[in-house]
Structure formats: C-alpha cells, structure tokens
Amino acid sequence: MKKIPALLAAVLMAATTALHAEEKLVVYNWAEYIPESTLADFTKETGIKVEYSTYENNEVMYSKIKLQKGKGYDIVVPSSYLVSKMRQEGLLQKIDPAKLTNLKNLSPDLLDKPYDPGNEYSVPYLWGSTGIGVNAKEIDPATITSWADLWDEKWQGKLLLTDDVREVFHMALKKNGFSTNTTNPDEIKTAYEDLQKLMLNVLVFNADAPREPFLAGDVNLGMIWSGEVIMAQQENPDIQYIFPKEGAGFWVDSFAIPVGAEHVENAHKFIDYMLRPEVGQKVVEELGYSTPNMASKALLDEDTQNNPVIFPPADIVKASEFQQDVGDAMKVYDGYWEKLKTGK
Amino acid sequence: MVINFRRFVIVLTVVWLGLFVLVPHVLVLLTSVMSPDPQHLAVWPLTLNSWGRLLEPLYAEVFWHSLWLSTLTTAICLLLGYPFAYIVAKLPGVWRGLLLFLMIVPFWTNSLIRTYAIKLILGNKGLVNSLLLASGLVDEPVQLLYTPFAVIFGLVYVLLPFMVLPLVSSFGKLDGTLLEAAHDLGAGFWQRFRLIIVPLTMPGIIAGSLMVFLPAMGMFYVADLLGGAKNLLLGNIIKNQFLVVRDWPFGAAFSVALIGIMAVLLWLYFLANRRINRAGGLDDESF
Chain A
1 MKKIPALLAA
11 VLMAATTALH
21 AEEKLVVYNW
31 AEYIPESTLA
41 DFTKETGIKV
51 EYSTYENNEV
61 MYSKIKLQKG
71 KGYDIVVPSS
81 YLVSKMRQEG
91 LLQKIDPAKL
101 TNLKNLSPDL
111 LDKPYDPGNE
121 YSVPYLWGST
131 GIGVNAKEID
141 PATITSWADL
151 WDEKWQGKLL
161 LTDDVREVFH
171 MALKKNGFST
181 NTTNPDEIKT
191 AYEDLQKLML
201 NVLVFNADAP
211 REPFLAGDVN
221 LGMIWSGEVI
231 MAQQENPDIQ
241 YIFPKEGAGF
251 WVDSFAIPVG
261 AEHVENAHKF
271 IDYMLRPEVG
281 QKVVEELGYS
291 TPNMASKALL
301 DEDTQNNPVI
311 FPPADIVKAS
321 EFQQDVGDAM
331 KVYDGYWEKL
341 KTGK
Chain Z
1 MVINFRRFVI
11 VLTVVWLGLF
21 VLVPHVLVLL
31 TSVMSPDPQH
41 LAVWPLTLNS
51 WGRLLEPLYA
61 EVFWHSLWLS
71 TLTTAICLLL
81 GYPFAYIVAK
91 LPGVWRGLLL
101 FLMIVPFWTN
111 SLIRTYAIKL
121 ILGNKGLVNS
131 LLLASGLVDE
141 PVQLLYTPFA
151 VIFGLVYVLL
161 PFMVLPLVSS
171 FGKLDGTLLE
181 AAHDLGAGFW
191 QRFRLIIVPL
201 TMPGIIAGSL
211 MVFLPAMGMF
221 YVADLLGGAK
231 NLLLGNIIKN
241 QFLVVRDWPF
251 GAAFSVALIG
261 IMAVLLWLYF
271 LANRRINRAG
281 GLDDESF
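So the sequence lines, in the order shown, correspond to chains A and Z.
Each residue of the first sequence is one higher than the one before, starting from 1 at the first, in my numbering.
Each residue of the second sequence is one higher than the one before, starting from 1 at the first, in my numbering.
Don't read these hints as lab results, they were simulated from the structure.
Ideal placement from N, C-alpha and C gives every residue a C-beta, glycine not left out.
One should not assume that every hint holds.
Partner residues aside, some chain Z positions facing chain A, computed with beta carbon under 8 Å [claimed, not checked]: (1) L58; (2) K125; (3) T177; (4) A181; (5) A229.
Covered stretches of chain Z, going by a simulated chain A footprint (3 or more residues, C-beta under 8 Å) [as the list claims (entries may be wrong)]: (6) 114-123; (7) 204-216.
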C-alpha cells in the first residue's frame, strides 16, 4: 500500500517536469514586426515556446488588452503614446531592469522620455518614421517634397494612406503648421477639413503592409513606413522614400509587459534576448526599421548605417515630433476619423 | 435508455444554444442600451442614445450603401446561380455530384486567402488588366481594385455557392411532368418558366437570396481588402466601433439592428414558404 503514494509522487514529478518543459511565452506584436527565425532561435536556446499573434494597429491591441484587463499576453509592443496611456490606466507592469543584462546597449537618446519616465514600463524595440513613398519609375521623386503635394488634384483616386488615425492626422496637422500631438479642438477641426479635401485623392487605406500595393503596381504614391520601403526595395529598388519638409511622423515602439501576464519571467528573458547586439542587427537587416540599440547599429555594414531611411540625419529627426498621448482629445480624432472613412 | 438519451440530447442542445446563442445576444442587447465609456467600454446608466445615433445621416448613408452593395451582390448571384443550378440539377447523378463537389472545393481554402488572391487578379498588373492591355482594348490599366466593383466581385465569388446549393435542391424537386403537361397544352418557354419553374423554385430563390444577402452585409474583410477600406459594409462599422473607436454600446446597437433586419427577412421567408406549401396545386392562381 505504501507504494501507491510513492508511485503517485513519481507521476506528479514527471507531470511537473513535463509542464516545465512546456515553458511558454505569449507575444502580441504588430504584423511583420519580428524576423520569424528570431522567434525560432529564441525557442531553440531557451526552450521557451512562443505563441505569437499580431495586430494591425495600436487601437486594436489596446482594446484587447483593456477588455482582458491585461491578461492573456506576456509581451505587447505599443507605440510611445499608447505606452503612456496604458501605463496610466494600470494595464502594464513594471519591468525589472536587474533582469535585463543588455539594457546598457540602448541609446540614451531614446530612453527616459516623457511617455515613460525612467523606462519603468517599457523598453524601446524599434523606431522609425512615416513619410511619403513613391515609385520612381512612374513619378519623379524630385517633384514630391511635402505632405502638401499629396493634395494636388492630379492624384485623384491614386493615393495610399495608412489606416491609422494618428498618422493620417499628422499629415494634415503638420501641413497646417500644428503639432502632431495637439489637443486643441480647433486645430484638429482644421486638419479634418483639410483631410476631407484629400479624401478625393485616396484610393486605399492600408493596414498591414503599405509596401504591397506599391509592389503590385496599384499605387505609386502615398504614405509609407520607413521599414516598409527598405523591405520593398529588396524587390523593387524604384520604391523610394521622401521625408516631407513639414516633418515625417516619428514613432517608437516598445516592449511592455501587460499587468496580467502569466509568464513574467519569460517575458524578461525575451526582452533581454531581443536586446542582444546580434539579434538587434538581424532585426534591422530584415525589417529595415531603426534600432535604438547602439551595439546592434555598430554591427551593421556601412551602407546600412549610412542609409538615411533607416537612420535619418540628425537635423531631420530634430525637426520632427515623436507621437505622444493626446488624452481625451482622442475622442475628437476618432469622431472625425470615422467621418472621413465613411466618406464625409 | 432511449428516453434518457433523448433527454440528454435535448438538454445538451438547450444548454448549448442558451450559453452560446442566447446569452451572448442578451449581452449585446444589454450593451446597446448602456452608456459608452472609453475607459470601461460600457457603463451604467441605461440610455437609448446609441440607438438614436443610428439615425444620424452619416450612418444612414453607410447603411444604404451597404444595403445597395448587398442587394447588387444578391441579384448577381441569382442571375448566375439560377441557370447554373438548373443545369446542374438536370445532369445525371455522377456529373451533378462532381459539379457540386467542384463548387465546394474552393471552400477548403480560407476565404481570407482567396480574397487576397482576388487582389492579385484585379490589380493594375493583375490578370484582368494584363489581358485587357494585351488585347489592345485599353491603353492604360483600368482601376478595378479598391472600387465598389471589386467589393461586389469578391462578395459574389465568396457567396455564390450559398445561392446555388438551395436552388439545386429546389430544382431537384421540380416535377418534370408538370413542364411536359404545360408544353403539351401549348405553353411557350416563357410561360412555362414564369408560371411553373419560378413559382416552384421560389423557396430556393428566397433561401439562396437570404444566405447571400445577410452575410454580404457583414463581410468586413472583403470591404477592407478589396474596397481599400473605403467602401464600407455594416460589418466594417461594427468592427470599427468595437476595436478602434471603442464605443461598444453603439457597435452593439448596430449589431442588434442588423440582427433585427435578418429576423424580419427570415420571417418573410417563413411566410413565403408557408404560402407556397399551402398553394402548390396546379389550380392555384395566387402567383
């Protein structure tokens, strides 16, 4: 009879080791925002299985995390303005810097920003810009220098815009000389009225990969993310990137851990893994976005380091604004956004 | 044992439907009369504001546009599906089986993937435009993708089988001797078609139309991918309210309104069906 408890214990032991072998991590990230092999390498090295799903814009991710009260995911990758919002609403948990041995690789330029003082809740992953993409074979890139050029009547029914309320408003706000983070209802209204005029020129709102319509030849001009241009150029070097003179939209996307994450330890391991110099290098090489990781940047070849699309000159960055949370004014933006999308 | 098993099945069905159909719908209905709150999605007090907003001109316009796209889709599916179903139903068993099978095969691929494939076909450098350019019919690519045409094309493609299947079953039940008799008595093709074939396949026509029309209003991904997120369907509005704007009560009110439209249409179907079943005799002149 004594043997049975012993047997049970053995079975339990086996079961718990089996459970341990099934260490996992649930990552919720933007579509096409991590090289697939990087996840595989992470699993190979750590034995942590990664469950990976993607979202198309910040709002969708926020809604889901909000709805699930911060449960269900271990890693999310919000843009800066959403980091501050989620942090203030208690949706994120503090990241333990002691567990991140590679934190020192990050450039101080992108740390300790107003959206997350001291980076208690977020670790920058990638940054980049939203500017104008043009197919040089069809349109002379020299003729396009500003956001205002997109308003030209000759582009009727030709443009691609990203399906992102903040980015689309950025264009019109900058065109009118306002801040991209304005909360002034009059300024937002002016931008909206300007965008109404732009709608005649819009062919498509793209949410997942703006480079695809460019590559397919369906659009030759429109908004695009810097990394998408780099990826597109591997297939078609004619796709070029323009920093509009009013200022491109700059953003930083950061790793964060939702408050209800179940695998906090693994989430730290994952962030630390992503901060390794050679991992960051591979991310830039495959995705074409800018890394805040100085050690990674140093590993890149000369051409990449000097590519202005990936690492824009200091004066362009200085003249631009990074996105911040606009608080309750978001409602105003959303209201106008819906009107624009429904043709008003 | 038999009774126990029957009771078990009934209880299981009732619990299943209650838990996964009734409760969610009651929740949606409840949400639609709550107050919107970006922080907590939906809060007290109860209000009919969201329902009132349905009447705003902005949404009325989207509503009619969506209705128009869905109606056109249904009409095209019917025009294509009706002769197709007639031919299929008249074929010998093996061929009928094969054709229906071929109709179903594409469904083994996710409809999202097939929608992406349509993008490649309709694009400026896609199959259609390449053919048009090569044949010299046009000098410049025709803008097909990201237009209402593309949305309707996608909807017809995805939904056509839902029209064909009920029609085939209706044609299968069509008694050929009636047509022979009509022919012998001197009825021309149009008379036979109008007075016999159409009335007797009416249940299939109505069922097929409903099965095309209702989903056509909700397939937001078709409108997003093929319409360039500009030619919105009701489904897009609902999706945006829930995911982007986070006005859950309004999204819920929209959902309930859509369910209401479906209910009315299904009720009409029920009435029509009953009428046809009760009629049906040769001397019936109600058609």
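Hint check:
| no. | hint | verdict |
| --- | --- | --- |
| 1 | L58 | holds (6 Å) |
| 2 | K125 | holds (4 Å) |
| 3 | T177 | violated (54 Å) |
| 4 | A181 | violated (55 Å) |
| 5 | A229 | holds (4 Å) |
| 6 | 114-123 | holds (count 3) |
| 7 | 204-216 | violated (count 0) |
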